[in-house]
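Enquirer: Based on the provided sequences and hints, a complete structural model is requested.
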Amino acid sequence: MSYQQEKQEDSQEALVSDWWVDYVEWDDNENTNVSVKESLDLLVRHSESDQEIIDNLYKVRKEIKSADPVVAIEDKLSQPQYWEQLEAKIMKEVEETKPQKNEVKNLWDLLVQSIWPWPFRKSNSTFLSKAN
Amino acid sequence: MVTDQVLVEQAKKGDIEAFSELVKRHQKMLLRLGIRMTRELELAEDIVQEAFVKAYQKLHMFEERSSFKSWIYQITMNTAKNKLRKKRYEHVDINNVSISAQASSEKKLCQEDLKVLILDEIDKLPKKQKMAVTLRIFDDLSFKEVAEIMGCPYDTAKANYRHGLMKLRHRFEESSVLNVFKNFEQSFIPKIGQNVLEVDI
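In the order they appear, the protein sequences are chains E and A. Okay, so the first sequence: first residue is 373 according to the working numbering, each after it adds one. Okay, so the second sequence: first residue is 1322 according to the working numbering, each after it adds one.
Mixed in with the good hints there might be a few duds.
As the list claims (entries may be wrong) - Here are the simulated EDC-like cross-link-like pairs (lysine to aspartate or glutamate), alpha carbons at most 16 Å apart as the crow flies:
1. K470(E) with D1336(A)
2. K470(E) with E1338(A)
3. K1404(A) with E1361(A)
4. K461(E) with E1363(A)
5. K461(E) with D1367(A)
6. K1345(A) with E456(E)
7. K1333(A) with E467(E)
8. K1375(A) with E467(E)
9. K1349(A) with E456(E)
10. K1465(A) with D394(E)
11. K434(E) with D1461(A)
12. K1402(A) with D1444(A)
13. K464(E) with E1338(A)
14. K1334(A) with E467(E)
15. K409(E) with D422(E)
16. K1445(A) with E1495(A)
17. K448(E) with E1363(A)
18. K1465(A) with D1476(A)
19. K1379(A) with E468(E)
20. K1345(A) with E1366(A)
21. K1436(A) with D440(E)
22. K434(E) with D1460(A)
23. K1375(A) with E465(E)
24. K1345(A) with E465(E)
25. K461(E) with E1342(A)
26. K1390(A) with E1342(A)
27. K1379(A) with E465(E)
28. K431(E) with E1495(A)
29. K1407(A) with D1367(A)
30. K461(E) with E1371(A)
31. K1349(A) with D1461(A)
32. K437(E) with D1461(A)
33. K1402(A) with E1361(A)
34. K461(E) with E1366(A)
35. K464(E) with E1371(A)
36. K1375(A) with E468(E)
37. K464(E) with D1336(A)
Hints listed in this document are in silico derivations from the structure and should not be mistaken for laboratory results.
Expert: What follows is the structure in structure tokens.
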């Protein structure tokens, strides 16, 4: 499928599917409106087809969640010692590393200094401030 | 509580303790991301370690136009991609799964195959949709947090999530994944060969 086709399909799909997903994922954000939620509840209650799609979305969500590879090792990850050890391991490596010097910035400054007209050079800031 | 921004400033001045605090704050989220991308704990640990080392080395380049969380997330994703490319990570091909298990473990094996199938479908989503779906569903983040990590407006994060979820729904319907799961829920122990064929890959 071409990019254009996919984009067109996405936008068409978005028009009809927006509220289904929003309903399933109701987000308590300041932009969300309680009365809208109540209206949608009513709509879903009286539309079998919408109810079916929303049930399917809940199911898809549940199955995606169950496929999370992290779930299988959640016991190990729930131990505070595990994270302490990982942090120590990371920091050991970090402490052996030196931060890189900002070579690009230094080169840029050098370039600017060499080609910039004399009155505008950084080193002539006093001159500039006087001029302004 | 000291903000990430302050800690970054301190770390830039050479305060290693400040960087250690940043590691403490973000390692959990990043390790989970690594596991989801590689499906291996050990490799994910290496990726997180490498990502933090890179972040420390390049901290001066971080201009704070995005949050530190978003920046380190992107570094971890890129590190994971490079590692996987190097390793020539091979996804488990559902057609090559050896069916030599005992009947009692058939159900489990099939469930594992389906999990692989679901993760593969998520992998096929465009980058931003995948990111929105995994952050929202796996990490249980609010759209506000998802937007912060993705470095985009709230509505954009939500739109990416919508498109991603709807695509997955279509693909799961096409491949009968939902029906197979429904069968599992009804305690139906499937015959592996048949069910794998039913899942039109």
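Enquirer: If any of the earlier hints don't hold here, list their numbers in rising order.
Expert: Those not satisfied: there are none.
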